[in-house]
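These protein sequences, in sequence, are chains C and H.
Going letter by letter, the first sequence gives residues 13 to 338 in the numbering used here.
Going letter by letter, the second sequence gives residues 2 to 413 in the numbering used here.
Just so you know, the hints here were simulated from the structure itself, not pulled from any lab data.
Just so you know, these numbers come straight off a predicted model, no measurement behind them.
Honestly, I wouldn't trust all of these hints.
What the hints assert, rightly or not - Simulated restraints on C-beta separations:
hint, chain 1, residue 1, chain 2, residue 2, range
1, H, Leu413, C, Lys156, 34 to 44 Å
2, H, His308, C, Lys23, 38 to 48 Å
3, C, Asp228, H, His308, 35 to 45 Å
4, H, Lys291, C, Lys15, 15 to 25 Å
5, C, Val132, H, Pro16, 37 to 47 Å
6, H, Pro16, C, Asp133, 35 to 45 Å
7, H, Asn372, C, Gly257, 36 to 46 Å
8, H, Ser368, C, Pro193, 55 to 65 Å
In this text, a Cβ means the ideal position worked out from N, Cα and C, and glycines have one as well.
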Amino acid sequence: MPKPLVDFGNKPMILHQIEALKDAGVTEVVLAINHQQPEVMLNFVKEYEKKLDIKITFSQETEPLGTAGPLALARDKLVDESGKPFFVLNSDVICEYPLLEMIEFHKIHGAEASIMVTKVDDPSEYGVVVMEETTSRVESFVEKPLHYVGNKINAGIYLLNPSVLDRIELRRTSIEKEIFPKIASEKKLYAMLLPGFWMDIGQPKDYITGQRLYLDSLRKKSLQELVTGDHIVGNVLVDESVVIGEGCLIGPDVVIGPGCVIGSGVRLFGCTVMRGVRIKEHACISNSIVGWDSTVGRWARVFNRTVLGKDVHVADAEVYSSGTVI
Amino acid sequence: MSEEKVVAVIMVGGPTKGTRFRPLSFNTPKPLIPLAGQPMIHHPISACKKISNLAQIFLIGFYEEREFALYVSSISSELKIPVRYLKEDKPHGSAGALYYFRDRIMEEKPSHVFLLNCDVCCSFPLQDILDAHRRYGGVGTMLVIKVSAEAASQFGELIADPDTKELLHYTEKPETFVSDLINCGVYVFTSDIFKAIEGVYEQMRETSSNYQISNHFLSATRSVPADFVRLDQDILSPLAGKKQLYTYENKDFWEQIKTPGKSLKCSELYLSQFHQTSPHLLASGDSTNKKPMIVGDVYIHPSVKIHPTAKIGPNVSISANVRVGPGVRLISCIILDDVEIKDNAVVINAIIGWKSSIGRWSRVQASGDYNERLGISILGEAVTVEDEVAVVGSIVLQNKTLNVSVQDDIIL
């Protein structure tokens, strides 16, 4: 299962981004993929093209092209006669996608490229973007700085003029290391501070933290999507096909996917239950991810950032802590 | 023909013994810690009750008298046989203690004296041993059992004549393999045993007086005090091969209760023995009629309240006034008095101390390997495990509240 199709908050990760793009007025989305697993993506595309009434096409690289090369590859699809700018999104990123605001920001400064930046507590893990405070113009990029140079990092969302494509050769190129620094030195790159939450959910533990932030923002923006009830605590998202037994305590920060069956007396918190999972009576799951079609036995315990992959069966009364089971 | 009376003596040890039973032994002497729903010492005592013409039972140890006062008076009235606790002023060794209290022990002029160790778990076929002893006509008969060759070196190994069953040779914890027959710690003696012990004392006094000149040197090298007489090394070993001591082979189970982990195993053995001796003590239920589902051998005190959705067993003993909530799962555990176990909690391979509280969806469990140091989880008295907390392979001292999970740890 390709990462962009993994569910997050009961929606494939990439769907969060496509929906946000549609809301911002985008009419065509190009998915830049590598040579693996095209069929699964194809089916996904067919399903959602119709549902969302948006055009989705592919650009498939045959050799690794880095983070900028794929843009050159997809050149024909990205550029039309209107010369309007195009968005570039990193599929591992989840945030509130203020794309309309970004379009405004880009118009106002009128330069060649805009990137979204987000504030983090520990910038030394990332690429830091050093900006001029009053104009929001980007001065430089520093990868994993040893000394403090700033606390804003690249959030993985860009809005670029077609002229950027002229800078990218069709070879393995890094947009952060080669392209952006060049544009910045020409004083044509600006950065917008991302409001709200941001999470790179490529890692399971970040997935769970991201889920919590996402549910929090759902509470503020579309409260009706969250469930309530005597057995629900805090922010909980449950697909309508889910069956929940008696005496359970669900939440806070729980997402349960379609077709799941939760037995009576079950405790869930801070966890993700993917589609088709069966959780038997009296089990307790916290801070973990239970993969598709898995079963968790009666009185079992899954906790402490455990990740159960697809179709894993946890026997009755077993304890699983802090590991990945496939 | 006068009725031949029999008395029994049970050695219970003292506070310096049973330290491996901490934290449970902090407030209760090891012999009074429950196994299969009854204090450890209750099992040998009930076995003694089955001997015909039993006149008295003596408990000998060096715990304070008040620790046993309550138990002794209640068991005396329950069995309708006098049970007395005799406190040693200092440890004398098993034979030494027997000799020290000989006047009390012989007060009803019994023809035979049983000697048992409290921390032995077995079927105690005492009447059979006595009958065999009468046939052999020696001064003593001891219960023996065959074990694996590797296990044998931890105990007293002995050689017995296969036909006459006489004890031919005895050594305690030998370094090389002697035999796979070991001493179970259960004996019966005629009153002549006291003469034999006296003989040993005289020898000891002679030896020490012969070395009077270098007496202080001698006492510095002696590892035990002057009047400490061990039964096995000092009495049995010298008498072996002299047609005085005989053996009776145990056909059932036998274990030493040295650690709490072992006590869980022994609890299991006693519970399964209830099928023959006292089947009314075993619980049953199939989650209908407001009773919980019971699997395997389980003892539940009549005052206990259990929700019908709980599942209990196998190998579970629950003491008085315990409350077990809905959806609880208990496997291989001992739950002591006044414990509260809340909804959906799980206890596996553990001993839960008096008055403790186990929160909702929480868990106390361990591997169950009683040879491992932390193979059984133990909660001391009044420990609180908060909701959703897991205690895995750990020992928790009394009065502690756990609000985070712990693993492979000893919590002070």
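query = Any hints this thing doesn't respect? Which numbers, in order?
reply = Failing hints, ascending: 4, 5 and 6.
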